[in-house]
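Here the protein sequences come in this chain order: A and B. Numbering-wise (this note's numbering), the first sequence opens with residue 4 and increments by one. Numbering-wise (this note's numbering), the second sequence opens with residue 4 and increments by one.
Calculated from the structure, these hints are not laboratory results. Worth double-checking, as some hints may not be accurate.
Claimed, not checked - If you only want the chain B side, here are some residues facing chain A, beta carbon under 10 Å, derived:
#1 Ser12
#2 Phe17
#3 Phe37
#4 Tyr39
#5 Asn44
#6 Gln45
#7 Gln48
#8 Leu49
#9 Lys52
#10 Leu54
#11 Ala95
#12 Phe105
What the hints assert, rightly or not - 30 Å max Cα-Cα, derived BS3-like pairs, lysine-lysine:
#13 Lys60(A) / Lys12(A)
#14 Lys12(A) / Lys52(B)
#15 Lys60(A) / Lys52(B)
#16 Lys74(A) / Lys52(B)
We put the beta carbon where it would ideally sit given N, CA and C, even for glycine.
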Amino acid sequence: NAGVTQTPKFRVLKTGQSMTLLCAQDMNHEYMYWYRQDPGMGLRLIHYSVGEGTTAKGEVPDGYNVSRLKKQNFLLGLESAAPSQTSVYFCASSYVRGGDEQYFGPGTRLTVT
Amino acid sequence: AQSVTQLDSQVPVFEEAPVELRCNYSSSVSVYLFWYVQYPNQGLQLLLKYLSGSTLVKGINGFEAEFNKSQTSFHLRKPSVHISDTAEYFCAVMGYGQNFVFGPGTRLSVLP
Chain A
4 NAGVTQTPKF RVLKTGQSMT LLCAQDMNHE YMYWYRQDPG MGLRLIHYSV
54 GEGTTAKGEV PDGYNVSRLK KQNFLLGLES AAPSQTSVYF CASSYVRGGD
104 EQYFGPGTRL TVT
Chain B
4 AQSVTQLDSQ VPVFEEAPVE LRCNYSSSVS VYLFWYVQYP NQGLQLLLKY
54 LSGSTLVKGI NGFEAEFNKS QTSFHLRKPS VHISDTAEYF CAVMGYGQNF
104 VFGPGTRLSV LP
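Can you build the whole structure from these sequences, using the hints too?
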């Protein structure tokens, strides 16, 4: 049982490049989330999914897109990276949306130059 | 909408001393409350949670927290800290059927 895994662990992009971050969970959770973590700001929700084939915007969705084609996977895309997207990205999953803890992946450190 | 305040961005404390990390929240609905810990270069790990029932909640690694509805607080405590408790601690609030809202975090440094 690997829990929540994220690929890659580190990435450096140049402004304007694109990339996709992959999140996978093996706990059969319905809900999945993408957060970004910036110093002094805690974690902010980018997008989330309440089930296979569904996505919804969180607090800071601009510049990001997501897809949930399979229940166990949740992809985060950056179409044209900007330096403001330099951050640590965390994926999380939960069985239900209210009243249940979220399980976090180890994070992806992204630098945009 | 919910919000979370963690007044102390950094808390230094000597080993074996007690510690309290403060968390206050605001919400117009009933909430669930959580404390997560993040060790260096790792993801977040659940320390404890309050869903209902007893207002004193015990978690892993000897931590506990008390929910105070009148003061809208959920402070985290440990009677005697260890070097290994050095980490960043996040308080989070969730309204039923809504998303998590995290506080900005408190960095706990345990000094020898």
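For each hint, the structure was consulted:
Proximity of serine 12(B) to chain A holds as hinted, the smallest CB-CB distance being about 7 Å (cut-off 10 Å). This hint is violated: phenylalanine 17(B) has a C-beta 25 Å from the nearest C-beta of chain A, more than the 10 Å allowed. The interface hint given for phenylalanine 37(B) is met, as the beta carbon of that residue sits about 6 Å from the closest beta carbon of chain A, less than 10 Å. With a cut of 10 Å, the hint placing tyrosine 39(B) at the interface with chain A holds, because the nearest CB-to-CB distance is about 8 Å.
A cut of 10 Å between beta carbons decides the hint on asparagine 44(B): the least distance to chain A is about 8 Å, and the hint holds. Taking 10 Å as the C-beta contact cut-off toward chain A, the hint placing glutamine 45(B) at the interface holds, the least distance being around 6 Å. A cut of 10 Å between beta carbons decides the hint on glutamine 48(B): the least distance to chain A is about 7 Å, and the hint holds. Interface hint status for leucine 49(B): upheld, as the beta-carbon distance to the closest one in chain A is roughly 5 Å, under 10 Å.
A distance limit of 10 Å between C-beta atoms decides the matter here; for lysine 52(B) the minimum to chain A is near 6 Å, and the interface restraint holds. Hint status for leucine 54(B) relative to chain A: holds, with the closest Cβ pair at about 6 Å, below 10 Å. Restraint check, alanine 95(B) versus chain A: the minimum CB separation of about 8 Å is within 10 Å; hint holds. Interface restraint check: phenylalanine 105(B) against chain A, minimum CB-CB distance 4 Å, threshold 10 Å, status holds.
A hinted pair counts as satisfied when its Cα atoms are at most 30 Å apart, and lysine 60(A) with lysine 12(A) qualifies at roughly 24 Å. Of the pairs offered as hints, the one joining lysine 12(A) and lysine 52(B) holds, with about 28 Å between alpha carbons and a cut-off of 30 Å not exceeded. The suggested pairing of lysine 60(A) with lysine 52(B) holds, with an alpha-carbon distance near 26 Å, which does not exceed 30 Å. Only pairs whose Cα atoms come within 30 Å are accepted, and lysine 74(A) paired with lysine 52(B) is accepted, the gap being roughly 26 Å.
When the structure is compared with the earlier hints, a violation turns up for hint 2 alone.
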